[in-house]
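The residues making up each chain are set out below.
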Amino acid sequence: MRHRDFVKFIFPSALAMLLFIAVPIVSVFVQSLYVEHDKVLVTVENCGPFGCQQETRVDPDATAALKAEEPLGQFNGLGTYLNRAHLATQEVGEILSDNDGFGDVARRIYNLPFYKALAFTLVYTFLVTPLSMIFGFMVALGVNTIPKAVKGPVIFLSLLPYIVTPLLGSLILFWMINSDGVIGATLQWVFADPTLSLKASPFLTWVTLIVYGTWHMTPFAFVVFYAGLQTLPQDTLESAMIDGANRWERIRYVVIPHLVPLATFVGLVLLMDNFRVFEPIIGFSSEANATSLSWSIYNDLNGQVDQLFGSAAATSVLTMIGVIVLLTPVLIRTWRDFNRKAR
Amino acid sequence: MDRKIGYSRPLAITTGLVLLVWLILAAFPFFWTVWGSFKVQADFFSRESFWNAITGPATERQTGGTFTLDGYRGAWVEREFYHSVINTAIVTVCVTSISLVFGTLGGYALSRSSRQYTFWILIAALVFRAMPHITLVSGYLLPFFEMNIWGYLPTAIIVLVAINQPFTIWMLHSFFQSIPKDLDESAMVDGCTRFQAFRLAIMPVMWPGVITTGLFSFLLAYNDFAVTAMLLNQDNQTMVPKINSFLGTVQTEGTIMYAVAAVVSATVPLFILVMFFQRQIVSGLTAGAVKG
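Just so you know, the sequences run in chain order A and B. Going by numbering that gives the first Met the number 0, the first residue of the first sequence is number 0, and it counts up by one from there. Going by numbering that gives the first Met the number 0, the first residue of the second sequence is number 0, and it counts up by one from there.
Simulated from the structure, these hints should not be mistaken for laboratory data. Bear in mind the structure is a predicted one, so any value in this text is a computation, not a measurement. There's no promise every hint is true.
Stated by the list, open to error - As a list, the in silico DMTMM-like pairs of lysine to aspartate or glutamate whose alpha-carbon atoms are at most 25 Å apart:
#1 7(A) <-> 189(B)
#2 180(B) <-> 336(A)
#3 198(A) <-> 252(B)
#4 147(A) <-> 237(A)
Stated by the list, open to error - Covered stretches of chain B, as calculated for chain A (at least 3 residues, CB under 8 Å):
#5 15-27
#6 217-224
Just so it is clear, CB atoms sit at the ideal spot from N, CA and C, and this is done for glycine as well.
One chain only, chain B, in its complex shape:
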């Protein structure tokens, strides 16, 4: 459509301004913190002027250069942050792959059956999706203590997989529904069993949906705080609870830049993820909505 039709200059300027303000609000905190994480505390939390966080005079006085890796060195080497990075990697990879295996099977079944119980399973999943995670955690703790499985990575992984399931099957269910039933039916006419039809005829065309859902499973596992903070012991902590436990000590020791560096280290992978998978994330966020 011609953009000139119904074009109004004042309105364009207003929406442009709103957008500009929003972009600054959305992005500025991250760039500010990434930049500031290479300064010393006296600059990033400067009492004189916030220009110090940009130019870094105290950083120059204390370390000899305008940028310093002290915060990162403190967090990664001294406080062994790499340990929780490894734990996060294990947890997110396992949660994403197991969720997808369970979710594709379940979502496929739900999309290909139109009986009453399908509806009830989807409704139950919706209610489960709405449960705040911490309420479920309060149900896990005591039984897990009794069974002696509290504190280990596999426990947290299977719990995160389960918490992920309602969301995963809803999303995959709507992706599977967009694939015509004729495809698997014709495969079955050709002699495939139901599972072969699923694996050989449906899965090859499902990859976009699987990747999108996988991204969201990854984000849920990566961003989780309630489950990992309560179910993992000190040695097995992932990044987010680890940063939270940093906070208690860094404030008193005057090493708050360790926490800033750790936060930046945990946030940057997400930036890269959004950069590469922006299209999938956008389509995933709207997947539930389009169905209505």
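The shape of chain A in the complex, shown without the other chains:
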């Protein structure tokens, strides 16, 4: 294809990505270096029947004028990154220099908002990804053995958790685990504990969110693995049988090796999607016990009084760095493959 044609064809798509993905990434980085203006204060003399008093007030007009003049705010350098709401270098330094052992360090660092969100995001990502792959694989094996007539409806029902809007799916489950809802009430009955609530303790909230994540993502792993099972080489399978491999050994030595390339693909997509976990935290109203990086950004942007653009941007940049770190192994591998092919 000639360069000229290529450019013409790719232009609309590239322009859209450039304007609304690449430029915003730069804009986020610039915003993260600035911080909101302080309120403009004026001192006025307030005279009443008991004499005059000096009073300091916010001057709303001057504040608005300053905001209109420099919408970005004032330059703050890396200050936002290092403050208590983000990397909290000073606080972490203090904790590390003065503490009562490892448990204490972990507990105190966990109380800093950024590390709290980071901890949940990482635990969620690295638990939900393997769990949904394992369950997806098991479901795929199951669906592969059932008669053809029921496969269609079974696949239909299995797809539902993945297709449904994440916020709505988590709301549906949230209403069910409510202590008045069917699952919540059943759990109370099973454990004979009328005060049991999945929302109260941080640990149970984490478990709930991870169960939700696995429920939501399993269908994706299932579908890909199921498609992989359709292309399973029957000859290899039969020769394994002749060699006396039982069903488990066949899965271990024939099926799983065949699915490994698919598993890397599924793992990559799941990592990317789980790292941005956001809607379930809103759906399950779990912000008291579990927050994620995406949720912190949303919370800063959705502030009741002021939108904290600087703070949101700093968290965004840190999140993007996290995404790049997650992707690096894949990118390196793709680069090697490409070079090998080119040679």
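With the hints as your guide, set chain B onto chain A.
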């Protein structure tokens, strides 16, 4: 292959059981909520027994029948949910069609060129695909406020199209690669320009791929919360952010069934979609994987 070979009864029973448990886990919440949305709050969130949500005694006491449309009436009429339904329809239709136009052109170009820059564009798209949407939103807000384009449907549409592009061009790129190059080359030998070859020779055989990709663009626009919640003002809200803003008020007013009804109203179209396009969705989910 004969299913009797290597057949083992205990294993069949175990996989059968796993599958049964999974099906219940996957489908039960939806059927439960759809059924419950026709009850009153005292039944759906019953303090006595969850059997009430099935039989509905309080619904019968309060409304005279075992099923009630009160939740739907409250959501659609009183809270004007139809307004956000219309907005969602506009957004999803526009996003899907624009994404497909941009995506087919871009995906075609990427599949027919094997130069170094093709690789870099695809890698950049992969990285863009991985960016959490909310991080991009925090980049949009301030510039959009300054340009005075915040809050309108076209803004959200073009942003969703752009966010959709990396995924769309990856998927269409792999679909186009499965179409032999000879097809467009022979059309060009016959005197077509590159664009004519694309339109007259390639597009007619691309429809399955286009429909599959379109479904995923639709789902992305329909399911989006981060972009539409932050970039649309109160009047232009689509269904998902609208339901989220319901939540704040319904809890205090005791009208939580409005939210349940709205959630069911927004979920049922997805059920119908999966029912009709199950095969395309399955092939779409595996499209990226088969290429490896």
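Status of the hints after comparison with the structure:
1. With a C-alpha separation of about 22 Å, the suggested pairing of residue 7(A) with residue 189(B) holds against the 25 Å cut-off.
2. Taken as a hint, the residue 180(B) and residue 336(A) pair is honoured in the structure, with Cα atoms around 23 Å apart against an allowance of 25 Å.
3. Distance restraint check for residue 198(A) and residue 252(B): the Cα-Cα separation of roughly 21 Å lies within the 25 Å cut-off, and the hinted pair is therefore satisfied.
4. Under the criterion of a C-alpha separation no larger than 25 Å, the hint pairing residue 147(A) with residue 237(A) is consistent with the structure, at around 21 Å.
5. Residue count for the segment 15-27 of chain B with a Cβ under 8 Å from a Cβ of chain A: 8. That meets the three needed, and the coverage hint holds.
6. Residues of the segment 217-224 of chain B lying with their CB closer than 8 Å to a CB of chain A number 4, which satisfies the three-residue condition for coverage.
In terms of the numbered hints stated before, the structure departs from none.
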